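Engineer: Chains as they are written, first to last, in my numbering: chain A, 2 to 186; chain B, 2 to 186.
The hints are simulated quantities; they were obtained by calculation from the structure and are not laboratory data.
Since the model is a prediction, treat every value here as computed from it, not as a measurement.
Just to be clear, a hint being listed does not mean it is correct.
Intra- or inter-copy, both count: the list cannot distinguish identical chains.
[To be verified] Capping the alpha-carbon separation at 30 Å, the derived lysine-lysine pairs in DSS-like fashion look like this:
no., residue 1, residue 2
1, 180, 148
2, 168, 148
3, 60, 18
4, 60, 104
5, 106, 162
6, 104, 162
7, 68, 10
8, 68, 88
9, 104, 10
10, 148, 103
11, 18, 104
12, 152, 88
13, 157, 9
14, 68, 104
15, 67, 106
16, 63, 103
17, 106, 15
18, 157, 104
19, 15, 59
20, 67, 103
21, 148, 138
22, 88, 138
23, 152, 10
24, 60, 172
25, 15, 68
26, 106, 157
27, 6, 152
Number of protein chains: 2
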Amino acid sequence: MSSRKLSKKERQEKFLKVIEEDPFITDEELSDMFNVSIQTIRLDRLALNIPELRERVKKVAKANYKKVRTIAEAEIVGELIDLELNKRGISILETDSSMVFKKTKIVRGHYIFAMAESLAMAVIDADVALTGVANIKYRVPVLAGQKLIAKAEVTKIRGNKYFVHVKITVKDEQVFRGKFILVSI
Amino acid sequence: MSSRKLSKKERQEKFLKVIEEDPFITDEELSDMFNVSIQTIRLDRLALNIPELRERVKKVAKANYKKVRTIAEAEIVGELIDLELNKRGISILETDSSMVFKKTKIVRGHYIFAMAESLAMAVIDADVALTGVANIKYRVPVLAGQKLIAKAEVTKIRGNKYFVHVKITVKDEQVFRGKFILVSI
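With the rest of the complex left out, here is chain A (with noise of 0.2 Å):
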């Protein structure tokens, strides 16, 4: 997009289209993109009647919760997007500074594997399940604010054995990705 300012009516036009394409865009990401300040972009979504990304996140969540069998709703770590059983899932965590360290500002690992464990062990379609190896790879750091998307794939299930692996970006860059075998009991 370029950086020359869009009237008010064009942006919003616009501003349409890019939710309809990416519902779960951050207020920062469209900021960027329109080259508007965030309480600018506020007011858009105001005037469009959008909500908040919490918002509609916890709205397309809701129905999603409903399939999981494995672990509670408030046990997920962040919001789960989509998700079909022993296939996949999706889900999404805005990040902010309680997660991070203190000295380096950067999110702390666990809060991230934790997202990944917790989305491998809901796509599982069974009662109970358990972490029973995981092999996991932190790429780049993730910084307060940034929104972590991570994307789970059941790639194999042997007996009461599932390999489920789990892939986390940031914009399109992936950050992290974790290969767990859970087991169900």
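Fit chain B to the supplied structure of chain A, relying on the hints for placement.
Structural biologist: Relative to the frame of chain A, chain B by itself:
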């Protein structure tokens, strides 16, 4: 130890020896060992002027926190009871019911992961370190109330990469092991 009940005097003498050998034994473990109620153990501790486990651990941990360079005291999950930078470290975590899955009463994996990862980080002699890779295995489910002991060993240092093995046990049974590669930045 026999299940015959010792006299109060006998018990309190043995008590002192046991605490000296294993200063981080829990009241529950002592109660099993002496075949008396936890209430009796508490009264024994009071009579012998031995503080509760939490206080004993905190006292020992205090000096160790000062040695840690990479992360802040509050960021270590568990209490650090031994630390030799770039060599080894030991931490203790008393699990409780706030840490469990609702459904199974089993301690959530990411608490155990966080204990291991933060200990791995604490043993590194660097200003700033991040986890790069981790291979982990959960061997036995952990229940609320169980005391976890994590031991970390730095097995190799190559440039800015630190290889750390962490083993977590409950009463000498291994419940988790993890291999971490940390990167100082």
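Engineer: Now look at each hint and say whether the structure bears it out.
Structural biologist: Taking the hints in turn, this is what the structure says about them:
no., hint, verdict
1, 180 to 148, "both (21 Å within a copy, 28 Å between copies)"
2, 168 to 148, "within (14 Å within a copy, 33 Å between copies)"
3, 60 to 18, "within (19 Å within a copy, 60 Å between copies)"
4, 60 to 104, "between (36 Å within a copy, 25 Å between copies)"
5, 106 to 162, "between (37 Å within a copy, 21 Å between copies)"
6, 104 to 162, "between (39 Å within a copy, 19 Å between copies)"
7, 68 to 10, "neither (40 Å within a copy, 59 Å between copies)"
8, 68 to 88, "within (13 Å within a copy, 47 Å between copies)"
9, 104 to 10, "neither (44 Å within a copy, 51 Å between copies)"
10, 148 to 103, "both (19 Å within a copy, 28 Å between copies)"
11, 18 to 104, "neither (40 Å within a copy, 42 Å between copies)"
12, 152 to 88, "within (11 Å within a copy, 37 Å between copies)"
13, 157 to 9, "neither (50 Å within a copy, 59 Å between copies)"
14, 68 to 104, "between (40 Å within a copy, 16 Å between copies)"
15, 67 to 106, "between (35 Å within a copy, 21 Å between copies)"
16, 63 to 103, "between (33 Å within a copy, 19 Å between copies)"
17, 106 to 15, "neither (34 Å within a copy, 49 Å between copies)"
18, 157 to 104, "between (40 Å within a copy, 25 Å between copies)"
19, 15 to 59, "within (24 Å within a copy, 58 Å between copies)"
20, 67 to 103, "between (37 Å within a copy, 16 Å between copies)"
21, 148 to 138, "both (18 Å within a copy, 28 Å between copies)"
22, 88 to 138, "both (22 Å within a copy, 23 Å between copies)"
23, 152 to 10, "neither (35 Å within a copy, 62 Å between copies)"
24, 60 to 172, "within (22 Å within a copy, 45 Å between copies)"
25, 15 to 68, "neither (34 Å within a copy, 55 Å between copies)"
26, 106 to 157, "between (37 Å within a copy, 27 Å between copies)"
27, 6 to 152, "neither (34 Å within a copy, 58 Å between copies)"
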